[in-house]
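So the sequence shown is numbered by the working numbering: it starts at 3 and just counts up by one.
Derived by calculation from the structure, the hints in this document are not laboratory data.
Remember, it's a predicted structure, so these values are computed and weren't measured experimentally.
Since no wrong hints were added, every one of them can be taken at face value.
With a Cα cut of at most 25 Å, we get these calculated DSS-like pairs of lysine-lysine:
| no. | residue 1 | residue 2 |
| --- | --- | --- |
| 1 | Lys581 | Lys439 |
| 2 | Lys443 | Lys418 |
| 3 | Lys520 | Lys430 |
| 4 | Lys356 | Lys64 |
| 5 | Lys581 | Lys603 |
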Amino acid sequence: MLDRNAIVRHNLLRWLEEDNLPQPVLDVSLAEAGLTETQLVDLFETQVMSRHLDLQSRQMQKQGKSFYTIGSAGHEGNAAIAAALRLDDMAFLHYRSGAFAIQRSKQKPGSTPLYDMLLSFAASSEDPISGGRHKVIGSHELFIPPQTSTIASHLPKAMGAAYSVALNKKLGTDAKLPDDAVVVCSFGDASANHSTAQGAINAACWAAFQSIPMPLIFICEDNGIGISTATPQGWIHANFANRAGLEYRYCDGLNLLDTYRTAKQAADWVRKRRKPLFLHVRTVRLLGHAGSDSEFAYRSQAAIEASERQDPIAHSASLLLSNKVMTAGQIAALYLQMESRIARISEMAAARPKLTNATQIKASIVPPRLELPKLEKIDKSQRDSLFAHEKHNLAKPQHLAKLINWALLDLMAQHKEIVMCGEDIGRKGGVYNVTAKLCDKFGPSRVINTLLDEQSILGMGIGMAHNGLLPIPEIQFLAYVHNAEDQIRGEAATLPFFSNGQYANPMVIRIAGLAYQKGFGGHFHNDNSFAVFRDIPGLILACPSNGADAVEMLRESVRLAREEQRLVVFLEPIALYMKKDLHEEGDNLWSFPYVPPAEAKPIALGELAVHGSGKDLCIFSYGNGYYLSRQAERQLAEQGIQCTVIDLRWLAPLNQDAILQQVAGHQQVLIVDECRQTASISEALVTMLSENQAGMHNIQRVCAEDCFIPLGSASYEVLPKTQDIVDAALSMLNKTIREAS
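Go ahead and model the full structure; you've got the sequences and the hints to work with.
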């Protein structure tokens, strides 16, 4: 089989020697493009750098020194796009953007892009962006947040970042991007079909259609194929050329002059109009999808050679010759010198240290803490005005929904950088009235009604966090998060890890969820599984069971996001929103007073709630399960059984030390878990106790059935009940008595 790497490497030299370079389709002069001869040479040098990095990466892979070979070959024209933009125009790039990153680095004196990228190829711990955790294109100093093997999952956060530019200016908050910044994101023609891309583009257009500022450039680099699946001819143009709210431009990415001219015009247009633009760039793909990809399995040799004939580096060489900027000999010399230079640098990079243990690798899962100035507390007159509509209720105990609402009122008044976003959270106040009056108090710029698209809601939050805001996005129901879970898992949670702590996505995601809603809505409104969050490294999962805890846990969640840059999911049990009573109607035992911030008693991450001190039985639970366990505890006490009931509160990470300390001295341990028996948190608790205190406890579980939640009264047939807890406790204790006798 022919070595296509070697052929692609030699094509330029052979065509130069034969005077057989491809001719440009478009006749664009240097003056028309707005480039000087020196700038054209500089762009060509960047393209050559990017190409030899790709070739060297594959050579290093053969030697066992490189571990990632998806390259930029055929896409090197994006160097001209980088040149048309400013350094502080934040760029969310896909993996074929090597030339873009190199060209941007030339705007930052002292940058060493070749060495940096080769360190990344070699997975060296000295890689300045990821610390050896992944081959990513990114740089904090270059305003390029790192992306991994994205399939358009970065487009929603690019949309959010673009939205945040004007929002920051309006709110007067400390932004990381200037007021006239443009945000760019690049992706391939195949990725344009992904629902994430479609949603992000639609959200940007939806905003722009309403004259909401959205300075965003979508760069679609169209090489006509996605791994082995061809893109239909004309598909990208047909889909995006006439979208409402979206400006469309096209350029020949094989022609540096046309690409720079079009990109510069596009950037100027977006910077002035503050509207989104779709830049459709013609490219080709060389060397296959990745090093392991054998194109001959799905493409003919003629098709492969036709693509190679359209090599953008050869097209650039043709421009240099036709404009008499360089001779063929000078072009060949630059090409060969760069090859030798990169080969030498690769030897140095490959020899640099690697990550050698789990502690090193995990070090960046949790981002670094920030040193922030102490906040000034809002004065009494401000709070009196803030709560004027509730002045007759403030002294009265309230249910969970009302107390969360009041906590949000105080938090938004205290932190002007907090911005909420979600479906129906504005004037309506949310489906359950939890965000009532927030829009009236803080305006629609801080309490944002979004379109119905969870990917865009979460992406908006991630993007706003990139620009200094503290987002609190809301997902209307727990089941709906599955439409967009990769925004949490693959984007927000991974960012500190893949940037070695240089980037983070601090935010608090509020989600109404869990079951026990008297059968309303079935599974889609009663989802009782949050397993999707529990295996995400670095994510914090909070779940209050009552209003008093919710207030302090929400305040702590905001502190964790603001000061420790943490990603927090705040799971609110819907069935407990309006619950006032615990045992009998009117007992008001599940209503609690609102403690203002000045009198707060913080609930720290991992802090458990302990009710009772009985040694007969220790019950662990959370959310609705804790509420039911408190009911069961009274019934058991009436039978002479003394219990300790523990509310976990924080479900990820579990506080192992505190849990083991609380369970010590209890032989009987009952875990009440409203989630399904399989993949529930009860499994984690059983494992924890078994591994750390083997044989010390008799452990039983009361869990929901492995079933989706049906409609109506049937829903309670698959969920734990108070009587189930009582029966399980009696069974455990009676068995112990029988065995003892």
